[in-house]
Amino acid sequence: MIDCLEFRRRAGAEPFAVDAEMEAHRRECAACARHQDELRAMDGVIRRALAVEPPVRSAAAPARAGRGRLYAIAASLVAGIAVGFALLVAVPRASIAREVISHVGHEPGALLQTVPLALVDIAAVLGQDGMRLDPAVGDVTYAARCVFDGRVVPHLVVQTAEGPVTVLVLRHREVGKPMRIQDERFEGMVLPAPRGSIAVVGHNVRDIGGVAERVVAAVDWGA
Amino acid sequence: MNRGDGETERRRRFGALCESLRPDLLRFAWWLARDRGLAEDVVQESLLRAWKSFDSLKDEGKARAWLLTIVRRELARSFERKRPELADIDALAAAESALLAAPEDGRVEEMRSAIFRLEAGYREPLVLQVLLGYSTQEIAEIMGMQQGAVLTRLFRARQRLRQRLGLTPDPP
Numbered sequence: 001m002i003d004c005l006e007f008r009r010r011a012g013a014e015p016f017a018v019d020a021e022m023e024a025h026r027r028e029c030a031a032c033a034r035h036q037d038e039l040r041a042m043d044g045v046i047r048r049a050l051a052v053e054p055p056v057r058s059a060a061a062p063a064r065a066g067r068g069r070l071y072a073i074a075a076s077l078v079a080g081i082a083v084g085f086a087l088l089v090a091v092p093r094a095s096i097a098r099e100v101i102s103h104v105g106h107e108p109g110a111l112l113q114t115v116p117l118a119l120v121d122i123a124a125v126l127g128q129d130g131m132r133l134d135p136a137v138g139d140v141t142y143a144a145r146c147v148f149d150g151r152v153v154p155h156l157v158v159q160t161a162e163g164p165v166t167v168l169v170l171r172h173r174e175v176g177k178p179m180r181i182q183d184e185r186f187e188g189m190v191l192p193a194p195r196g197s198i199a200v201v202g203h204n205v206r207d208i209g210g211v212a213e214r215v216v217a218a219v220d221w222g223a
Numbered sequence: 224m225n226r227g228d229g230e231t232e233r234r235r236r237f238g239a240l241c242e243s244l245r246p247d248l249l250r251f252a253w254w255l256a257r258d259r260g261l262a263e264d265v266v267q268e269s270l271l272r273a274w275k276s277f278d279s280l281k282d283e284g285k286a287r288a289w290l291l292t293i294v295r296r297e298l299a300r301s302f303e304r305k306r307p308e309l310a311d312i313d314a315l316a317a318a319e320s321a322l323l324a325a326p327e328d329g330r331v332e333e334m335r336s337a338i339f340r341l342e343a344g345y346r347e348p349l350v351l352q353v354l355l356g357y358s359t360q361e362i363a364e365i366m367g368m369q370q371g372a373v374l375t376r377l378f379r380a381r382q383r384l385r386q387r388l389g390l391t392p393d394p395p
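Chains as they are written, first to last, in my numbering: chain E, 1 to 223; chain S, 224 to 395.
These aren't lab readings, by the way, just hints derived from the structure by calculation. Misleading hints may appear alongside valid ones.
[Said to hold, decoys possible] If you want a taste of the chain E side facing chain S, the calculated C-beta under 10 angstroms gives, among others: (1) 13; (2) 43; (3) 49; (4) 50; (5) 51; (6) 53; (7) 54; (8) 102; (9) 105; (10) 119; (11) 120.
[Said to hold, decoys possible] Under 10 angstroms between C-beta atoms, here's a sample of chain E residues computed to sit facing chain S: (12) 52; (13) 101; (14) 126; (15) 129.
Ideal Cβ placement from N, Cα and C applies to all residues, glycine included.
I would like the entire structure built from these sequences, with the hints used as guidance.
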């Protein structure tokens, strides 16, 4: 059994970390549980604070002296590549994939939650949009309303038979057809939905396409 | 596939990586450098270096970590060349006020300012963990440190932020 000091050291380094020792201490110590909850909430603010618009040098600011040539070569190379790329791929598709992966990556602890939430907690997140989720699809162990693409969207973690998956309900983003997304840590799908789209992302999930389809089918969009 | 097609494909793949990862690289470089111009220079030069050694990247799924490592090396080289005098943090903050101003609630703006003023050794792992979603093991690999040292820095980073924002201090 770890003590309060050790718990707070671990929580201070990784607020979303979940392990048996920490869970046991949380159950025994309300003050430490509250402290970890505060740290998790603070991480939400930190994340929003860090997510500045990518900085772009103002037109008036000169390039640094003595590095002009290298900069010019790099700039022209990158600009050329960027133009070529823009002609070759559909940028909006890359954009939604990037945003979804980025959002999931920002909340790594969410995927580690294992305690099923009460139906009332899930309803508090989905009900604001008049939605419900068929419990048969799996236990929901995380439910929050998150800022995504400037909108507040439901963010769930569902424990499916194939493993935990993150579900983002993107009522404001329409996609024409299913889109596979992947990076070094996550793989997922963005599927068209009756209203907007739904992103389903997991880690080492064998049939992410099938899981995503079952999740979409489990959403009741209300009247 | 002939040589020309191979080169075109190589450019296309690198272009795709630049397109998708450049915003993260710029944010990372800005949070480390706290200077828009320097961040842009560093990212541009990093992409040039990355292009030259693109063939060494065996797994494109690991491209982001690979590029972040190049960016932090390039930034270190830049600091070595520049040998900056002690930074005037208020002047830096004033110069970067456009990015520091949050178009949202004051809590976020206050936090952004507190992070901006955090020591580099604490700011970097926090950016890698919270903004870019890396595990402490991955951060240790990117920063070339032991995982235990990363955990300590992350703990102290949050401790300092809580103190600067006037939140309940952690126990000693």
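task: Quick one: which hint numbers does this structure break? Sort them smallest to largest.
output: Those not satisfied are hints 10, 11, 14, 15.
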